[in-house]
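**Student:** Below, each chain spelled out in residue letters.
2 protein chains.
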Amino acid sequence: MAAALTPQQLSETHRPTLDQALETIGTRAYWSPHPEHPKAYGEGGAPGSLGAAEGKTAFDAVLNTRFDLDQPGTDGWTGGEVSPYGPELGVEYPHADIDVLLPAMKAGTAAWRAAGPETRALVCLEILSRISARTHELAHAVMHTSGQAFMMAFQAGGPHAQDRGLEAVAYAYQEQTRTPGSADWSKPQGKRDPLKLTKTFTTSGRGIALVIGCNTFPTWNGYPGLFASLSTGNPVLVKPHPRAVLPLALTVRIAREVLAEAGFDPNLVALAAERPGEGIAKTLAVRPEIRIIDYTGSTAFGDWLEANARQAQVYTEKAGVNTIVVDSTDDYRGLLANVAFSLSLYSGQMCTTPQNLLIPRDGITTDAGPKSYDEVVSDIAAAVNGLLGDDARAAALLGALVNPDVKARVEAAGELGEVALPSRTVANAEFPDAVVRTPVVVKLDGTKTDEDAAYLSECFGPVSFAVAVESTDAALELLRRTIREKGAMTVGAYTTSPEVERAIEDVCLDESAQLSLNLTGGVYVNQTAAFSDFHGSGGNPAANAALCDAAFVANRFRVVEVRRQA
Amino acid sequence: MAAALTPQQLSETHRPTLDQALETIGTRAYWSPHPEHPKAYGEGGAPGSLGAAEGKTAFDAVLNTRFDLDQPGTDGWTGGEVSPYGPELGVEYPHADIDVLLPAMKAGTAAWRAAGPETRALVCLEILSRISARTHELAHAVMHTSGQAFMMAFQAGGPHAQDRGLEAVAYAYQEQTRTPGSADWSKPQGKRDPLKLTKTFTTSGRGIALVIGCNTFPTWNGYPGLFASLSTGNPVLVKPHPRAVLPLALTVRIAREVLAEAGFDPNLVALAAERPGEGIAKTLAVRPEIRIIDYTGSTAFGDWLEANARQAQVYTEKAGVNTIVVDSTDDYRGLLANVAFSLSLYSGQMCTTPQNLLIPRDGITTDAGPKSYDEVVSDIAAAVNGLLGDDARAAALLGALVNPDVKARVEAAGELGEVALPSRTVANAEFPDAVVRTPVVVKLDGTKTDEDAAYLSECFGPVSFAVAVESTDAALELLRRTIREKGAMTVGAYTTSPEVERAIEDVCLDESAQLSLNLTGGVYVNQTAAFSDFHGSGGNPAANAALCDAAFVANRFRVVEVRRQA
Chain A
1 MAAALTPQQL SETHRPTLDQ ALETIGTRAY WSPHPEHPKA YGEGGAPGSL
51 GAAEGKTAFD AVLNTRFDLD QPGTDGWTGG EVSPYGPELG VEYPHADIDV
101 LLPAMKAGTA AWRAAGPETR ALVCLEILSR ISARTHELAH AVMHTSGQAF
151 MMAFQAGGPH AQDRGLEAVA YAYQEQTRTP GSADWSKPQG KRDPLKLTKT
201 FTTSGRGIAL VIGCNTFPTW NGYPGLFASL STGNPVLVKP HPRAVLPLAL
251 TVRIAREVLA EAGFDPNLVA LAAERPGEGI AKTLAVRPEI RIIDYTGSTA
301 FGDWLEANAR QAQVYTEKAG VNTIVVDSTD DYRGLLANVA FSLSLYSGQM
351 CTTPQNLLIP RDGITTDAGP KSYDEVVSDI AAAVNGLLGD DARAAALLGA
401 LVNPDVKARV EAAGELGEVA LPSRTVANAE FPDAVVRTPV VVKLDGTKTD
451 EDAAYLSECF GPVSFAVAVE STDAALELLR RTIREKGAMT VGAYTTSPEV
501 ERAIEDVCLD ESAQLSLNLT GGVYVNQTAA FSDFHGSGGN PAANAALCDA
551 AFVANRFRVV EVRRQA
Chain B
1 MAAALTPQQL SETHRPTLDQ ALETIGTRAY WSPHPEHPKA YGEGGAPGSL
51 GAAEGKTAFD AVLNTRFDLD QPGTDGWTGG EVSPYGPELG VEYPHADIDV
101 LLPAMKAGTA AWRAAGPETR ALVCLEILSR ISARTHELAH AVMHTSGQAF
151 MMAFQAGGPH AQDRGLEAVA YAYQEQTRTP GSADWSKPQG KRDPLKLTKT
201 FTTSGRGIAL VIGCNTFPTW NGYPGLFASL STGNPVLVKP HPRAVLPLAL
251 TVRIAREVLA EAGFDPNLVA LAAERPGEGI AKTLAVRPEI RIIDYTGSTA
301 FGDWLEANAR QAQVYTEKAG VNTIVVDSTD DYRGLLANVA FSLSLYSGQM
351 CTTPQNLLIP RDGITTDAGP KSYDEVVSDI AAAVNGLLGD DARAAALLGA
401 LVNPDVKARV EAAGELGEVA LPSRTVANAE FPDAVVRTPV VVKLDGTKTD
451 EDAAYLSECF GPVSFAVAVE STDAALELLR RTIREKGAMT VGAYTTSPEV
501 ERAIEDVCLD ESAQLSLNLT GGVYVNQTAA FSDFHGSGGN PAANAALCDA
551 AFVANRFRVV EVRRQA
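Protein sequences, first through last, are from chains A and B.
Residue 145 in UniProt numbering sits at position 145 of the first sequence, with consecutive numbering throughout.
Residue 436 in UniProt numbering sits at position 436 of the second sequence, with consecutive numbering throughout.
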């Protein structure tokens, strides 16, 4: 087909954004081209974007339809998503015969490679731009697959996810352009003529990349791998979580449209929806055509991928046990409010939510006087209760539990120890079938090794442990052990002591964990900002990669050199 | 101890070299700070460097001694190297109790991390500079362990190896300084005060790095991993090949001296020599302390490392089957001379030596008229004979066979097909015990699939196959299959046809192999230049990494962020 999107158009529209992204990953200052406020979209907002009502209408129009993508090898239809808020989505997606789809995805590789790093980056930015214009529509899709509350689904599933995708494109572009396209090489030979070669260097993708999506953050965790692989020259097959297909199906459709309009094969991006119980990720992961895998999910399957998908580069974000060390503070109220929010946001169903609060059993010093272990725990409980006392506000912060396993863990948490804060059921007025629970906080004795099984396992969901430890030193020992053995996406700490601060930093440097110190305001340990914060470190068992750094992109392509005598 | 080498001294001495290396990996023009000519060292040459006689004296002084490194955990002595030229070296190296040595190596990690990327790079450059000053000494050590002829041992084992080490340091420095040391982050909040954070970013090594050395190029293949890991903050344990310990033992001693003088723990670099048959690489490779492994050697052990050393980042250079496609040429004499040299250099014992010469069975067109398959093969044979007709010249080019396995392969090659060029024994006047053999060229029929077992296996040593193929198209199909299934460190091709040239390039881009086109002068397919050429691609089965690119260094460290409310 004729190319409707020319390289020049793409460059005029997106090159300034790419340049700003490149600059920002170097300074790591604040920046985002994707507005966070719902009112920034639609009439009077970003040009061509859907407003709130239009986005809702677009989402509703997809429900109970067949979501055709015109992919090669479609051999049937599959679906079955049920919103954590209650409704069945009723969407059917194409099921692919991978023996047909995978070869078709490779057909466009040579042209995509020949386009070069800049054009690939700009096409990716056009895809992101169209996704951004449909943030309202995607927000509903994320909400009704993940169980996130609308505002979170809007922000984390929209602009923040798009930021992470753009960040990956910027890193990929930077790494691919480190080597020049060509070079003249002339080696002196004393009195003889120099040896002369002309050399060309071409970045070449590795093969088909597989993105294995997760239930809780289908776009936020999916976009980095998708855009890192696509912009480095690889076709990308998106295998969504069976309970969170729609956000990624919408994404794939947009990507295919843009690729075709820019004159490339739309099959460079495809969807692999699976039949119930099919377990297609395991089949795909070991196919020889699959050379890159991005995965977010359980440690068990992440470990399986790392051990078995030996033909591929495997990037995993698995489970960890996140810790907050409470040593001392000069803003006790701020600490309580900040921790309460962190425990509550999306019902603790973030891979970054703190699980273990390590508190010296003899208490801590604060600006409000000394506080005993029991006081700290009950004050945190009270802060959570205060934050979530009103059902409407609570529902808007908690969202819904993503699946019955989380509900079961919340209900069983009381068996693990003394309950300092019981979970309560919250009513969602708009969606009465939503399962909404407030966090439970359980007291555990960190000086007894027979209780460590509980706090040294990930208990995904709104369950936290207030672990009494012998001292801050003991807290640091436990922190080190937890990161080393179980991994951590985040570590938080509160201290007024420079020595303690330094000691916590050393533990995090030694064990490779990202640390937030003394957060008492509107930034929370579970949130990271693209272009500035790293998500995970890639250096402890929770994840083998960080979002986003050079290591996340540099091995998705290879540089092929051709040298000729000059 | 007091630091004798201050950061300021290091910066004054080495920062200009680092800057030039950084610039050159961007332009990929010719550059090296390490002179190739033996006369550039010693009196009147590089200041402080050993001249030819001094280097020989230093080498002789080490023979038949205990090579003490003052390493923790030394529990005995081991040795037994025998030069491929005949003499026993008689050197004994410390054998380490790794349960003592590994913890000792970690002790200096925090200070090495705190030194930061620039100081680490400059310390590495000081190490390289002292190695460079002792190039003559190291040349003898490389010669009498690898069997390389002196001039090759001098150049490839000296300046070229040092170039590859420096290149790795430059890449590592560049990747580590991509993220700033600190950042101020301020996120607007409409009418409210912005959210403000101060952030620090620290590069942190992964843990102890293991370098598993090879017999043929102990320094050239060892330095990239050693310096990439050390400069990214990791202690490095060097496990040399038991037949090629001395070059790396000398390297380790120099590194330890420099580290101590710069105020760091010398145990950041240590040697792990092994007792005969101990197989210590397998033990070390799966120790939890070992987080990075660089390996050059057999495919079998490389595959084992990739499958089993799951706790480590594993960089392997294994075996491949290198091909030259002969389609046509406008410089037939140049082709013959170039190919003859490539087959002969170091008795074909380079991982980059061409093995399969694919020649259309109906012959090729040349500037000297059409040449049949038989003519091309006999002309190559004649060119090799011409090059190696004089024993003294032949010995200086061939070196010695590195081990009895290579000799056995040369002697058995005649069973594989019709011998177009028999191997002949060359006398080495200075070292009568050296085993020196000229290359053997065997004719194989590439149109018969029952003969592909020979040319589709690596036959390491001076054995090449002149494979008759149906056509150039068939040659390209076989080239593709060879790279995909067996891997290739190098591909060469001769053609005067732009279409054929383009088709060969496409195969190499698709299968990720480095291509040299129409080499007829003084550059050979088996040689690469640091800062400009990539060694291997990391994208086919011959190697999972290239020397040197960002992917080779970016995952040897992690960036740990600490953020604080501003």
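Check the hints yourself; a few may be wrong.
Note that the list lumps identical chains together, so a pair holds whenever it fits in one copy or between two copies.
[Unchecked claim] No farther apart than 20 angstroms at their CA atoms in a straight line, the calculated lysine to aspartate or glutamate pairs in the DMTMM-like style are these: (1) K106 - E505; (2) K187 - D374; (3) K196 - D330; (4) K106 - D510; (5) K56 - E36; (6) K191 - E36; (7) K56 - E470; (8) K443 - E470; (9) K448 - D68; (10) K443 - D362; (11) K196 - E477.
Don't read these hints as lab results, they were simulated from the structure.
**Student:** At most 20 angstroms between CA atoms: does that hold for K443 and D362 within a copy, between copies, both, or neither?
**Tutor:** within (14 angstroms within a copy, 84 angstroms between copies)
**Student:** Using 20 angstroms as the alpha-carbon threshold, which applies to K56 and E36: within, between, both, or neither?
**Tutor:** Within one copy only: 17 angstroms inside, 70 angstroms across.
**Student:** Checking K196 and D330: alpha-carbon separation at most 20 angstroms within a copy, between copies, both or neither?
**Tutor:** between (67 angstroms within a copy, 18 angstroms between copies)
**Student:** Between the shortest in-copy and the shortest cross-copy C-alpha distance, which are at most 20 angstroms for K187 and D374: within, between, both, or neither?
**Tutor:** neither (74 angstroms within a copy, 36 angstroms between copies)
**Student:** How do K443 and E470 come out at 20 angstroms by Cα distance, when the copy is not named: within, between, both, or neither?
**Tutor:** within (14 angstroms within a copy, 77 angstroms between copies)
**Student:** Can you tell me if K56 and E470 fall within 20 angstroms by alpha carbon in one copy, between copies, both or neither?
**Tutor:** For K56 and E470, neither the intra-copy (53 angstroms) nor the inter-copy (63 angstroms) Cα distance is at most 20 angstroms.
**Student:** Pop the pair K106 and D510 into one bin, within, between, both or neither, using alpha-carbon distances up to 20 angstroms.
**Tutor:** Answer is between: at 11 angstroms across copies they meet the 20 angstroms cutoff, but 42 angstroms inside does not.
**Student:** Tell me, please, which holds for K191 and E36 at an alpha-carbon limit of 20 angstroms: within, between, both or neither?
**Tutor:** between (66 angstroms within a copy, 15 angstroms between copies)
**Student:** Check K106 against E505 for me: Cα-Cα at most 20 angstroms, and say if that holds within a copy, between copies, both or neither.
**Tutor:** Answer is between; shortest inter-copy Cα gap is 18 angstroms, intra-copy 46 angstroms.
**Student:** How would you classify K196 and E477 at a CA-CA limit of 20 angstroms: within, between, both, or neither?
**Tutor:** Result: close neither inside a copy nor across copies, 59 angstroms intra and 30 angstroms inter.
**Student:** Between K448 and D68, at a C-alpha cutoff of 20 angstroms, which is it: within one copy, between copies, both, or neither?
**Tutor:** Close neither inside one copy (57 angstroms) nor across copies (48 angstroms); limit 20 angstroms.
When held up to the earlier numbered hints, the structure conflicts with 2, 7, 9 and 11 and fits the remainder.
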